[in-house]
Amino acid sequence: MTTLQAALSGALVGGMFAVMAAGLSLTWGMLRVINLAHFGLILVGAYLTFELATSWGIDPILTIVLTVPLMFLVGAGLQWAFDRLGVEEFASLLVSFGLLIIVMQTVSNVWSADFQRMPGDVNPYATQSVSLGRFVFPAPTLIAFVFAVVIVVTADQVLRRTFAGRALRAFAEDRAVASAFGIDHRRLGMVLAGLSAASAAVAGMLFALGNAVTPSTPFEWIGVVFAVVILGGIGQVGGVLLAGVLVGTLSAVVSATWSPALSPLVLFSAIILALLFRPYGLLTVRGAR
Amino acid sequence: MLEVRDLEAWYLQAQALWGVDLSVADGEVVCLVGPNGAGKSTLVKAIAGLHRSTRGTIAVDGVDVARVAAHRVGDHGVALVPEGRRVFARMSVHDNLVLGAYRRGARSGLDAGLARVHELFPRLAERSAQLAGSLSGGEQQMLAIGRALLAQPRLLLMDEPSLGLAPVVVDEVFDAIRTINADGVSVLLVEQDVERALEVSARGYVLAEGRIVASGSAAELTGSALVRRSVLGL
Numbered sequence: 001m002t003t004l005q006a007a008l009s010g011a012l013v014g015g016m017f018a019v020m021a022a023g024l025s026l027t028w029g030m031l032r033v034i035n036l037a038h039f040g041l042i043l044v045g046a047y048l049t050f051e052l053a054t055s056w057g058i059d060p061i062l063t064i065v066l067t068v069p070l071m072f073l074v075g076a077g078l079q080w081a082f083d084r085l086g087v088e089e090f091a092s093l094l095v096s097f098g099l100l101i102i103v104m105q106t107v108s109n110v111w112s113a114d115f116q117r118m119p120g121d122v123n124p125y126a127t128q129s130v131s132l133g134r135f136v137f138p139a140p141t142l143i144a145f146v147f148a149v150v151i152v153v154t155a156d157q158v159l160r161r162t163f164a165g166r167a168l169r170a171f172a173e174d175r176a177v178a179s180a181f182g183i184d185h186r187r188l189g190m191v192l193a194g195l196s197a198a199s200a201a202v203a204g205m206l207f208a209l210g211n212a213v214t215p216s217t218p219f220e221w222i223g224v225v226f227a228v229v230i231l232g233g234i235g236q237v238g239g240v241l242l243a244g245v246l247v248g249t250l251s252a253v254v255s256a257t258w259s260p261a262l263s264p265l266v267l268f269s270a271i272i273l274a275l276l277f278r279p280y281g282l283l284t285v286r287g288a289r
Numbered sequence: 001m002l003e004v005r006d007l008e009a010w011y012l013q014a015q016a017l018w019g020v021d022l023s024v025a026d027g028e029v030v031c032l033v034g035p036n037g038a039g040k041s042t043l044v045k046a047i048a049g050l051h052r053s054t055r056g057t058i059a060v061d062g063v064d065v066a067r068v069a070a071h072r073v074g075d076h077g078v079a080l081v082p083e084g085r086r087v088f089a090r091m092s093v094h095d096n097l098v099l100g101a102y103r104r105g106a107r108s109g110l111d112a113g114l115a116r117v118h119e120l121f122p123r124l125a126e127r128s129a130q131l132a133g134s135l136s137g138g139e140q141q142m143l144a145i146g147r148a149l150l151a152q153p154r155l156l157l158m159d160e161p162s163l164g165l166a167p168v169v170v171d172e173v174f175d176a177i178r179t180i181n182a183d184g185v186s187v188l189l190v191e192q193d194v195e196r197a198l199e200v201s202a203r204g205y206v207l208a209e210g211r212i213v214a215s216g217s218a219a220e221l222t223g224s225a226l227v228r229r230s231v232l233g234l
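Chains as they are written, first to last, in this note's numbering: chain A, 1 to 289; chain B, 1 to 234.
Bound-form chain A, shown alone (with noise of 0.2 Å):
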């Protein structure tokens, strides 16, 4: 009972490391950018939440309508620079690594380094659940994992049915004859980057509705988000839910059931393990490269 309840709540947690993990995949999938800084966009969405809801009493939720146009703009303009610089895919990774620590410093220095959490005057969502059944699940998770399947599964769709969607499928198999066909690479790569961007602001949101923030969170984030990418198969948005599911299941029934220091070890064998015979991703038989 215990058990399956933790299962239950961990496939829920899964649903915010797919949102974090989603934009993280299609950037790293389509334009070849490894972007570590977007962890520290996630973290700037987490605390323009708070600061949204703890100053001007917006509802946490709603602080989304600021932070997604917000991000979005940040985000295409990251890939603008990352263009114009010729910033390939192993440099991306050190270039971002050192923005995501320019991001935690003045993070810290604008919030400080201790823990902050909405208080529940402003966040009535921290303190409810809901009852399915004999099952209980916090309300901030249950959100987290709506929140996920609208997100994946509107990528999924756009990528599968639209012109801009078959585009950047294409622009990733080989961006030569892509742009013969017409696709200019930088406007879509700055759309995409950032649309990646503004995933992150909601990742950051679902965070702070049910966690406490400190600059340095991140750090908790990328072992957890950078296996549920791989896991999922890069680029490949629908992976991401699946493989966040999966992971997000697994360290609950482990923590629950052996011990939370444990976790991390069961989990990372588990996904090596996994990664042995599917290479390319949980979704993916043949190479996706």
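Derived by calculation from the structure, the hints in this document are not laboratory data.
All residues carry an ideal CB built from backbone N, CA and C; glycine is no exception.
Please note that the accuracy of each hint is not assured.
[Said to hold, decoys possible] Computed, partial: chain B to chain A, Cβ under 7 Å:
1. A48
2. R52
3. R67
4. V68
5. G74
6. L80
7. P82
8. G84
9. F88
10. M91
11. D95
12. L99
13. Y102
[Claimed, not checked] Chain A regions said to be covered by chain B (calculated; three or more residues, Cβ under 8 Å):
14. 163 to 176
15. 182 to 196
[Said to hold, decoys possible] Listed next, with one range per pair, are the computed distances between beta-carbon atoms:
16. Q13/B / R278/A: 55 to 63 Å
17. L94/A / E119/B: 49 to 57 Å
18. V136/A / A125/B: 47 to 55 Å
19. E119/B / I102/A: 22 to 30 Å
20. G137/B / E88/A: 50 to 58 Å
21. R107/B / D174/A: 14 to 22 Å
22. R107/B / P69/A: 24 to 32 Å
23. Q15/B / E88/A: 51 to 59 Å
24. G105/B / W80/A: 22 to 30 Å
Could you slot chain B onto chain A? The hints should help.
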């Protein structure tokens, strides 16, 4: 349709094309033949906007596209069937074709274009949902041609469309070139198979070591000793 004037091209310091003049009239099929490494692909890529280290003019209907960004060249009526087919392997046959109509000017013609390509290559209709990477070489070539047709070109650049294909498939490809041309599309055809290329072409150019060394009507080139020596090695 196409007027290339005094075109030179480089790969870093190495010059690949020297003073190339070439033209394709409206509704004409023109072939470009020559030994490996002569610069045929470089010339095609330069016209398509994929090789930009050039000097000289590439006029399409009087507009110089030599400095136009690659993704804008299609708007001037040029489409490319690249060497080695280069279909988008992880996308379905249908999505490859739809992508051909990506540029704004071509989208309204998507449905009619799909119908035309399916008529030309019925096998693409049968394999519509299949991943392009799972097609045979001949089917991939048909897809590469179909994708280019969906861009609604007035000039089709075809780089080695028969390369590595079984003879029966090569027949299909050359039949398709005739049909496409009969629809009013001009074709610049780069081919290894010189005799087949001259059969479908009105005129031809011979490129060797980056220079045009011979040109003329298909009949003239078919009998030319120079062509036989420089291209066929006979």
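Check your understanding: Is the hint on L99/B kept, meaning its closest Cβ partner in chain A is under 7 Å away?
Key -> Holds - the Cβ of L99/B comes within 7 Å of chain A, reaching about 5 Å at its closest.
Exercise for review: Go through the hint on F88/B and say holds or violated, using the shortest Cβ distance to chain A against 7 Å.
Suggested key: The hint holds - F88/B has a Cβ within 7 Å of chain A, the shortest such distance being about 5 Å.
**Study point:** Status of the D95/B interface restraint (C-beta, 7 Å, chain A)
**Key:** 5 Å, holds
Practice item. Go through the hint on A48/B and say holds or violated, using the shortest Cβ distance to chain A against 7 Å. Key: This interface hint holds because 5 Å falls under the 7 Å limit.
Check your understanding: Is 49 to 57 Å right for how far apart the beta carbons of L94/A and E119/B are?
Key -> 52 Å, holds
Check your understanding: Taking the least C-beta to C-beta distance, is M91/B closer than 7 Å to chain A?
Key -> 6 Å, holds
Check your understanding: Was the hint right that G74/B lines chain A, CB cutoff 7 Å?
Key -> Where the cut-off is 7 Å and the nearest Cβ of chain A is about 5 Å from G74/B, the hint holds.
**Study point:** Evaluation of the interface hint that places Y102/B against chain A, nearest CB under 7 Å
**Key:** 5 Å, holds
Point to revise | Restraint outcome when R67/B is required to lie within 7 Å of chain A by C-beta distance | key: With a closest approach of 15 Å, the R67/B hint is violated.
Point to revise | Interface hint compliance - L80/B to chain A, C-beta minimum distance less than 7 Å | key: Cβ of L80/B sits 5 Å from chain A, so the hint holds.
**Study point:** Interface hint compliance - P82/B to chain A, C-beta minimum distance less than 7 Å
**Key:** 6 Å, holds
Check your understanding: Taking the beta carbons of G137/B and E88/A, is their distance inside 50 to 58 Å?
Key -> 32 Å, violated
When each numbered hint is compared with the structure, violations occur for hints 2, 3, 4, 8, 16, 19, 20, 23.
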